[in-house]
Amino acid sequence: MSFFSKTRLKASQLFYDAFEFLQRTYDQAAEVFTPASPFGQLLTVVANLGELIFYYIEAVATELNITRARNIESIYGLSRLTGHDPTRGISAQGVIGLRLNTKAGNLFSGDYVQILNGAKLEVGQNGLTYFIKFDSDYIRLEKTNKQFINVELIQGEIETQTFTGSGLPLQSYNLTTKEPTDQYMVTVTVDGEMWKKVDSLYDMGPGRKDFMCKTSVNGGLSIFFGNNQFGYLPPLGSIITVTYVKTRGSAGNIGGKNLDIKFVDPGTDYLGQEVDLNEVLSLNIVRNPNFGSNSEDPVFTRLIAPYQSNSFVLANPNNYIYYLSKYDSFSFVDAYNTKDDKYVSDDNIIYLFLIPDINKKITSDKDYFNVPLEEFTLTEDEKNQVYEILNKSGRQVVTAEVRINDPIVKKYAINIVTRWIEGYDKDQLVTAIRNTLNDYFLKVNRRDRIPRSDLISLIEDIPGIDSVNVFFISEENENAIRNGFYFVPVYGVDPATDQRVLIENKKIVLIEGEDPQLGLDEFGDIIIGSDDIAVIRGGWQDRNGTYFEETPVKNGIGSLNVFFKNVTAANLYNKTQQERFNELKRNKGTTIATSNNARATNTGRLLDNSTQKVIKNL
Amino acid sequence: MINDIYSRGPAENKYTSNTIDVTDGLSQLILKIENVLFTRKGDVLGVPDFGCNLEDLLFSIVLNEAVIQQKIAAQIQAYCLPNDNIYGIDVRVSFFNTEGRNGALVDIYINEQRVIGALF
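Residue numbers (the working numbering), protein chains in the order written: chain A, 1 to 618; chain B, 1 to 120.
Because the hints were derived from the structure by calculation, they are not lab data.
Interface residues of chain A toward chain B, partial, derived using beta-carbon atoms under 10 Å: (1) Y26; (2) P38; (3) F39; (4) A47; (5) N48; (6) E51.
Residues of chain B placed beyond 10 Å of chain A at every Cβ, according to the derived structure: (7) P10; (8) A11; (9) D56; (10) L58; (11) E65; (12) V67; (13) E112.
Beyond 10 Å from chain A on every Cβ pair, some chain B residues (computed): (14) S17; (15) L26; (16) Q69; (17) N102.
Ideal Cβ positions, reconstructed from N, Cα and C, are used throughout, including at glycine.
Hey, can you work out the whole structure from these sequences and the hints?
Following this line, the structure appears as structure tokens:
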């Protein structure tokens, strides 16, 4: 085809050449090629169909690569090939204690109230539905028993779907669900008999009644049965019932120690009469619902899929990182062991370093600067829950032991000095700065350092701010300067155990006027140690004895202080210069991609298609 | 010389069964105007703005005759006229109201001569 050149392979060039060829060959004027002309309309449509074909070929090629795929189905599907099972969601789980209250005796007949497993209730704090779960079909609360009976409290609603067995080996059934479902709470019964869930076909023993459950590429779930060599196959005509839990993920997490519980399902007395559980029960909140997680973010799927171990055990640190990363309650998950030292007795210990995601804990009346400090670390309850999650997984190797290391909280304050533009309200500027930094600290979870330039860049973009400088003040550094000394841990190797141990905390005395810059680097950026967590929080004094309040305060010194130094006149000259500066920044490529300028989105491509360009140029 | 496909169907007025192409500029212009008048926006793949959407325009309760004329003229200008246009195009829209029926008449004049008339 002589009218195509190998050096002109862009879609617009191909079509331009085709139009030119036809124009030349058939001696047509350019105006023939408008869509109003029958000939031009046919050409336009064929050219657009051709471009769509190119587009789909490109899309197919792109969607086969997990790092470049855009469709969530493609990413999930490709991750399944690695053995990764994308998280559909995880229900928040807590524990409550139940017993009959003192007034219950007159409210029903007989000696007990019977409550069925899975009884539904609503929690006032978030308006979501929960249910209670225990290991039997029902529990009976006796009038004479004053002890609380602890049961699991789980967010979600139980649903079932039924299929008919085909009698064939390796049967699979796809369950379409409109809402996310819990990753782990899936049960399957075949003709009323409960089958056991396993992770892999190879975990199914010969003739054993096992099934496998995986996330479908469309977000639902798929159930797989074995053949007679691996597992067993549901017979022809058998009734397969799949029970799962619809979940709202992290929305089910509730902080604090109070729950506003209202039972929806009734209990029954010994005559089988319904009993309103809200009137007869006393509740003890043992542990609030927590660790609920949303469906897996496809960006996360891309990153985590290579870590999937097909052994389905928690043996090495990577296995733990992979498993716990499924819970989006953490902003950072690290795991390590000490196999690199010569001391072998603790090589079976996996140390976990977990930082909770503050975004999931923050309430509407709080922001980063006044959320309680304990929210930055795991509480004892939460740690116990992590241990429980790992135990319940059934994947831990018998010899492994897990320890959760507490991060060391390092406190910092921020001083911001600004020159503002005349006419702007200072209080509003302070609020805008606080909101901007709140977003930064909630969304950016760097583990190495917090650069001053990040904050300066953000604050500078706030309307009304002409110039800004930011300074971090480290509690550790200020304490050292005020006291005249600080301690440095000195580690060595214990000759008896050959293990790295803390030998002493060496006292370093400062010479007068020396600033050791503890917790800060030469740029004045915050340095975050591997076991540290940096928090913008006061509650300490600086070198001059000035007390920094815990949280930002309006008239005083707190964890976030804004000082207004000078004012810039809002005259025409300054406005013009500012506009030029803004234009310079825009031209540097700081424009945020939108559907109009993003080339990579489907909509952008099709609105700006090359055939249109060719037609315009003719 | 301009050659184009003759696109009138047998059900249309002025259809001639022994014509397969048009060779003169005026006939081609009339065909183009017919195409743009009776095409709905979005019907031609890849050219979402092509088409007058006449029925929507005429039976819209917020547009007057002048606005509709202007919209039709804009479509003709964009898609039908050659660069070296020698024709004077005039679009006239008039609403009528008879007993039991409201309607609209769209007339296209080329060089003061009515070449297309459509009754809605």
